[in-house]
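Next come the chains, spelled out residue by residue.
Number of protein chains: 4
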Amino acid sequence: MPSPGRLVLLVSPKGKRYLRPLDPERTLQTNEGILKMSDVAEAGFGRIAYTHLGQPYQVIKPSLYDLVKGVKRQTQIIYPKEIGYILLKLGIGPGASVIEAGSGSGSLTLAMSFMLGETGKVYTYERRPEFFELCRKNLERAGLGRNVEHFNADIADGFLQENVDALFLDVRTPWEYLDQAAKAVAPGAPLGFLLPTVNQVSELLAGLEAGPFADTEVLEILLRRYKPMPERLRPEDRMVAHTGFLIFARQRD
Amino acid sequence: MPSPGRLVLLVSPKGKRYLRPLDPERTLQTNEGILKMSDVAEAGFGRIAYTHLGQPYQVIKPSLYDLVKGVKRQTQIIYPKEIGYILLKLGIGPGASVIEAGSGSGSLTLAMSFMLGETGKVYTYERRPEFFELCRKNLERAGLGRNVEHFNADIADGFLQENVDALFLDVRTPWEYLDQAAKAVAPGAPLGFLLPTVNQVSELLAGLEAGPFADTEVLEILLRRYKPMPERLRPEDRMVAHTGFLIFARQRD
Amino acid sequence: MPSPGRLVLLVSPKGKRYLRPLDPERTLQTNEGILKMSDVAEAGFGRIAYTHLGQPYQVIKPSLYDLVKGVKRQTQIIYPKEIGYILLKLGIGPGASVIEAGSGSGSLTLAMSFMLGETGKVYTYERRPEFFELCRKNLERAGLGRNVEHFNADIADGFLQENVDALFLDVRTPWEYLDQAAKAVAPGAPLGFLLPTVNQVSELLAGLEAGPFADTEVLEILLRRYKPMPERLRPEDRMVAHTGFLIFARQRD
Amino acid sequence: MPSPGRLVLLVSPKGKRYLRPLDPERTLQTNEGILKMSDVAEAGFGRIAYTHLGQPYQVIKPSLYDLVKGVKRQTQIIYPKEIGYILLKLGIGPGASVIEAGSGSGSLTLAMSFMLGETGKVYTYERRPEFFELCRKNLERAGLGRNVEHFNADIADGFLQENVDALFLDVRTPWEYLDQAAKAVAPGAPLGFLLPTVNQVSELLAGLEAGPFADTEVLEILLRRYKPMPERLRPEDRMVAHTGFLIFARQRD
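In order, the protein sequences belong to chains S, G, V and D. Just so you know, this note's numbering puts the end of the first sequence at 242, numbered straight through with nothing missing. Just so you know, this note's numbering puts the end of the second sequence at 242, numbered straight through with nothing missing. Just so you know, this note's numbering puts the end of the third sequence at 242, numbered straight through with nothing missing. Just so you know, this note's numbering puts the end of the fourth sequence at 242, numbered straight through with nothing missing.
Chain S extracted, bound-state conformation:
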């Protein structure tokens, strides 16, 4: 049975999705009637709960993907297609330590917190108080964040950690913080960056060339969906064409 407070994904008969905390005192108002969260809890993951009008809702244990997509956003979030690749490139797994800036809405923070387990650590920096708060709340809401330290600080002043296993910068002018980044990571550690424009990528590449970095890569990841119809299988008409350029490098002695 889902534990109270944890997020649960509720899917309507028409496929509409609600990511909600499992608070047995509450109800969900839907177009198909009122759904009692106590009924959801009783049904359990993978089962059906019914509204007061008898309409069936699927009760789903949200995957990391669902949690990331359900982040309340006030900023551009980082998408699952990029997050998965970032985790592999930075070696984010149980026990690792990683610095991230800025926190933004916390979609990457959430994924890192999920993957690092009890023995890993995320140090996330955010200058703007409203995003600092938003990131904390998004993690708490997802039942994650015990392995996260939040800093409401300007990274121009440097990072408080040393020797972390990896570092990710999702800020507008990452080339201004390369010295700070190089000092914070372990020798040879991987660094990642996300930037929307090619002009920023050029400027970052120049900065990386001038500093103690190696193995620089630039790439983008495109995701193309298909209409899942066995007899009329075809790509969807439109797709997201750009979320950002990913840049990776390693600290070098």
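No lab work stands behind these hints: they were computed from the structure. Please note: incorrect hints may appear among the correct ones.
Stated by the list, open to error - Think about it this way: if two alpha-carbon atoms lie no more than 25 Å apart in a straight line, the pair counts; the simulated PhoX-like pairs of lysine-lysine are:
1) K126/S - K25/S
2) K58/V - K126/V
3) K5/V - K58/V
4) K61/S - K25/S
5) K5/G - K58/G
6) K110/V - K25/D
7) K5/D - K25/D
8) K216/D - K216/S
9) K110/S - K110/G
10) K216/G - K216/V
11) K5/G - K61/G
12) K110/V - K25/V
This one's a predicted model, so the numbers in the text were calculated from it and none came from an experiment.
Given the structure of chain S, go ahead and fit chains G, V and D onto it with the hints provided.
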């Protein structure tokens, strides 16, 4: 200092990469001279070790990405761009349990073993003895696999586990094993599939429609690299255009 | 000066585009006031005409691209990115002869008529009366079509021409008309097809394999736009991800 | 029957392609034996000619696509996927006039010459004598070029034409020639550019913003091929990922 037996990534002055176990008794023969692994161990991650001709080699702690790319392959492997996305969609993180078939060369098995930590579990099935062995060796070589159970079995006979958190099928005719899959996973659990041709995708979709599954998705992930030159930034001339279609669904009551 | 009756492209101060026939008796009602077509004619291509409120409108000679995009549509049209490639593959240029079915809204017919010049010929077939009429009107409106013969006929009965230089089928089940197509073209002539789903492509490929055809190719063309900002250059957020698969083959003896 | 001197496409039993002038005095040496061009002429387009070892070769009338792909190249050529789109955007068809620089190997020149017919005109500029010669030869070899004027000149000195219908610049620093371009075209005429790097695109966009131009667009065209197997249809493993960015604008009063 890297612990003996663990893989270490050695990068030549020209950027050539060697993923090798750190066995202090051994040496690496390179075009730039002989590199003693004892010197590599002494240098440590992020530092430089020198060949007997004085040529510098970077000593790198391999990320999960490096480990996946370093898998010895006798089959088509699953690539990092797909692996990252699969992990998120299936909710593979510390403590989760997952079934995978077939093991193949073990690139996804390796990534799952990495992410699931000490408390998670991979049950990986492979019918062909040579791949069964190869997958085991690739995991052992990477210093992973303690949370993996290998089965040299035909999944037509069903899976030995029940109630696992997720399941991934990378086999030629996954539609033949949907009953077995549905029985092995927890209610509402996510399933993933990887297939090379559109004909197979159509056949799988028909199978999923006929069975206890919901939320079916089909997609592909494309990765486009850029030449990392600040003054002449441009996409690379050629790219990998197809590694496979990813299909996801959920078990439904 | 633009000749009366020809289409003219009028671009508002905000970039809104109107493709209209140059009828000096008429006016264009805009948000920025009334624009007299007599003033447009007097201004001439490349110049500015003013509304009665003094707002400037650019008077543009439409390119073939503009004409294709301006086709009044009741069907899915064929897009410029595909049209250009089709023209090259089929060798559509001054003096060539080509059969097309179905006419649809006439976007490809229009482009062929434009390229074939006075000595070339398009034979376009359309079964449905409403599209037969629509195609004629779209060509007439663009000042084209003198080299086009329209047939309101079912191609199951075969084509009335022989020995044409090329043939293009944009119909739902092209594999049913391959015999008719093979008889209508010159020996070795190129054929083209446009289909939305992979299932149709498979069926067509099977048909082509079974008939007198060679050099079969399947491809798709993707167009990705960028925001044209020199200091913040980046791909647009979304793009058209699928308009159709193009298939080409040659008749073989 | 193909006329002497015209290019003919010969396809071997294994699909190997030869684009050769139809000179009845000559022979083609192949792995399957000697093919007499006199036999090719006698067979005719769409038919089979046999080598002295009795091996069948298809005799194909080359399409514009085949001619473009057959251009002898000493430079990066412009590819059919871009050429088709350029033709539409610039309105290149029977009777139009267009300036192009540089000529390069002449693949775009060839396509323009093909499409413009007897009443159209290409003015092509090339500074380097070796490409100036190469372009002429490639056109002559294809049986085209009667509507082309070649200039072995530096476009920094301006263009000799005025009021042309369109202009295309495929040079390294097009932003240096925008004044010359604006003077050469008719009011409101379309201009096109092809550039490999994003830095060049940025610089060109800045130049276009500063000059008498409007309706600027930046885009790229990707072509993805499929293995044409009805039962195992799938994208090819690798693809061309970048040939260049296309930029279009209009002269503005």
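Status of the hints after comparison with the structure:
no., hint, result
1, K126/S - K25/S, "holds (24 Å)"
2, K58/V - K126/V, "holds (15 Å)"
3, K5/V - K58/V, "holds (14 Å)"
4, K61/S - K25/S, "holds (23 Å)"
5, K5/G - K58/G, "holds (14 Å)"
6, K110/V - K25/D, "violated (34 Å)"
7, K5/D - K25/D, "holds (17 Å)"
8, K216/D - K216/S, "holds (21 Å)"
9, K110/S - K110/G, "holds (22 Å)"
10, K216/G - K216/V, "holds (21 Å)"
11, K5/G - K61/G, "holds (17 Å)"
12, K110/V - K25/V, "violated (36 Å)"
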